[in-house]
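Trainee: Sequence:
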Amino acid sequence: METENIIAELEKKPLTSNLEKQHSAPKTDHNIQVIRRNGKVTPYDDTKIKVAMTKAFLAVEGGQAAMSARIRETVDRLTKQITATFVRRMPNGGTIHIEDIQDQVELALMRAGEHKVARSYVLYREEHAKLREQQQKAKSDKTPEALPNIIRHDGSRSPLDEQRLRTILEEAVRGL
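Using our numbering, you'd call the opening residue of the sequence shown number 118 and step up by one each time.
None of these hints come from the bench; they were simulated from the model. Possibly wrong hints are sitting among the right ones.
Said to hold, decoys possible - Here are the simulated BS3-like pairs of lysine-lysine, each with C-alpha atoms no more than 25 Å apart in a straight line:
#, residue 1, residue 2
1, Lys157, Lys254
2, Lys165, Lys233
3, Lys233, Lys197
4, Lys165, Lys197
5, Lys233, Lys247
6, Lys172, Lys233
7, Lys172, Lys247
8, Lys197, Lys172
9, Lys256, Lys157
10, Lys157, Lys247
11, Lys165, Lys247
To be verified - Taking CB as the label site, the calculated pair distances span:
#, residue 1, residue 2, range
12, Ile267, Arg206, 42 to 52 Å
13, Ala186, Arg249, 53 to 63 Å
14, Asp220, Val158, 55 to 65 Å
15, Met227, Gln252, 24 to 34 Å
Yeah, the Cβ is synthetic: ideal placement off N, Cα and C, and Gly gets one too.
Sequences are here, hints too, so could you generate the full structure?
Mentor: In structure tokens:
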């Protein structure tokens, strides 16, 4: 239970938390962009990988491991490997989806023999995927599908009349 409280506290902190400051490193000139789940494109930031991996280690090894040099060194090494993989794949820059980054984190943890940490990371991802799905479902249940507006000849806007559009289309294709 103590570990869950520590993780909950870490999740509340903004990404400019102590973990991020602890793991900050000079940025490289790889020009890789990340496609977030909401479709927004942001610059690749390896400190976010470091924070996520550190949280996974803390979930497995407990809060006392936060200052562990072994964990810090492992996280730094694996983050460099992950970043090097993307730079090798896209030497001139490019875009990568957030899910691909997370897949590489899982793979790096497994290859490093950190199976418990990798499992914790996978379970965390699955839990959050379910939460996102539930939130999306709740959101779609609450909001009716909005109809697009049309712009009239005088420049005014009005909601699209679906029935009128159907009638026009039916008349246009009748006899074809």
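Trainee: Now, for every hint given, state plainly whether the structure supports it.
Mentor: Structure-based check of each hint:
1. For the suggested pair Lys157 and Lys254, the alpha carbons sit about 21 Å apart, so the restraint of at most 25 Å is met.
2. Simply put, Lys165 and Lys233 have alpha-carbon atoms about 20 Å apart, close enough for the 25 Å limit, and the pair holds.
3. Simply put, Lys233 and Lys197 have alpha-carbon atoms about 21 Å apart, close enough for the 25 Å limit, and the pair holds.
4. Restraint check for Lys165 and Lys197: satisfied, since their Cα atoms lie roughly 12 Å apart, inside the 25 Å limit.
5. Distance check on the hinted pair: Lys233 and Lys247 sit about 21 Å apart at the alpha-carbon level, within 25 Å; holds.
6. For the suggested pair Lys172 and Lys233, the alpha carbons sit about 13 Å apart, so the restraint of at most 25 Å is met.
7. Between the alpha carbons of Lys172 and Lys247 the distance comes to roughly 19 Å, so the proposed pair stays at or under 25 Å and holds.
8. Under the criterion of a C-alpha separation no larger than 25 Å, the hint pairing Lys197 with Lys172 is consistent with the structure, at around 17 Å.
9. This hinted pair checks out: Lys256 and Lys157 have alpha carbons roughly 19 Å apart, not beyond 25 Å.
10. Among the hinted pairs, Lys157 with Lys247 is consistent with the structure: their alpha-carbon atoms are about 21 Å apart, no more than 25 Å.
11. The suggested pairing of Lys165 with Lys247 holds, with an alpha-carbon distance near 21 Å, which does not exceed 25 Å.
12. Checked against the hint of 42 to 52 Å, the pair Ile267 and Arg206 passes, with Cβ atoms roughly 45 Å apart.
13. For Ala186 paired with Arg249, a C-beta distance near 35 Å fails the hint of 53 to 63 Å.
14. At about 19 Å, the beta-carbon gap between Asp220 and Val158 misses the expected band of 55 to 65 Å.
15. A beta carbon spacing of about 29 Å between Met227 and Gln252 agrees with the range 24 to 34 Å that was offered as a hint.
In this structure, the earlier hints numbered 13 and 14 are contradicted, and the remaining ones agree with it.
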